[in-house]
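> Sequence:
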Amino acid sequence: MAMIVQLFRDLTGSWPPMVTRLLGAGIALIALATWRHVIRERQIRNLLRQAALASGGEREAAIQAAIDLAGDVPRRWGAIAREARLRKLDDVAERATEKLRALGAKSELEVLARLEAAAPTPAAHPLEVAAAVERLIETGALGAARTRLSAGLARHPDHPALRDLAERLAGGAPRE
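Under this note's numbering, the first residue of the sequence shown is numbered 1, with each subsequent residue one higher.
Derived from the structure by calculation, the hints contain no laboratory data. Nothing here was measured: the structure is a model prediction, and the numbers come from that model. Hints should not be assumed to be uniformly reliable.
[What the hints assert, rightly or not] Pair by pair, the computed Cβ-Cβ distance ranges are:
id : residue 1 : residue 2 : range
1  : Arg75     : Met18     : 32 to 38 Å
2  : Gly57     : Pro157    : 53 to 59 Å
3  : Glu138    : Glu116    : 37 to 43 Å
4  : Ala166    : Glu58     : 17 to 23 Å
5  : Ile30     : Ala117    : 30 to 36 Å
6  : Gly57     : Arg36     : 25 to 31 Å
7  : Ala118    : Gly140    : 26 to 32 Å
8  : Ala33     : Gly57     : 31 to 37 Å
9  : Glu58     : Arg135    : 18 to 24 Å
Idealized CB from N, CA, C, for every residue including glycine.
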């Protein structure tokens, strides 16, 4: 911190004090605004993490809280879309993408398109899907497990391992 103060003094030593104060105030305002955006995005990511682990009303409440924090700021809606894709909350990710289109946020949409193109493809074999769902159940991410399982059942509706997992998740608590 002392180096920054000394650098600031060296750079502004020949300027009038009023210019130095205005410059310092401008830098402080920019830093505060940036810090606020970073904090909001972190709050949004945490809420979506909670939504992925929750179910029912808690899930919907966490999603709504994240949407309320986003407001009409494209950067925050981009954070919602990225985190929702990461957490397998596909309905939330689609909603965020639609909002970005409505806001006309081309740069955020381009970032999402690049990330989606670079994303690994989902497991094609039903046993890979079953293993992934098992891991999600073990970590307590039941919402994400249901989403992943429904995608697997859409591709392989008659596979016995996926049907067994569907019965386990429908029954509530996972079996040991």
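> It remains to establish, for every hint, whether it holds in the given structure.
Quick rundown of the hints versus the structure:
1. At roughly 34 Å, the beta-carbon separation of Arg75 and Met18 lies within the given 32 to 38 Å, and the hint holds.
2. Look at Gly57 against Pro157: about 29 Å separates their beta carbons, and that is not inside 53 to 59 Å.
3. The beta-carbon spacing between Glu138 and Glu116, approximately 27 Å, falls outside the hinted interval of 37 to 43 Å.
4. Our hint of 17 to 23 Å for Ala166 and Glu58 holds, since their Cβ atoms are close to 22 Å apart.
5. Between Ile30 and Ala117 the C-beta distance comes to about 33 Å, which sits within the given range of 30 to 36 Å.
6. Gly57 and Arg36 have their C-beta atoms about 29 Å apart, which keeps the hinted 25 to 31 Å range intact.
7. Checked against the hint of 26 to 32 Å, the pair Ala118 and Gly140 passes, with Cβ atoms roughly 28 Å apart.
8. Roughly 34 Å separates the CB atoms of Ala33 and Gly57, a value that falls within the hinted 31 to 37 Å.
9. Range check, Glu58 to Arg135: Cβ separation about 22 Å, and the 18 to 24 Å hint holds.
Checked against the numbered hints listed earlier, the structure breaks hints 2, 3; every other hint is satisfied.
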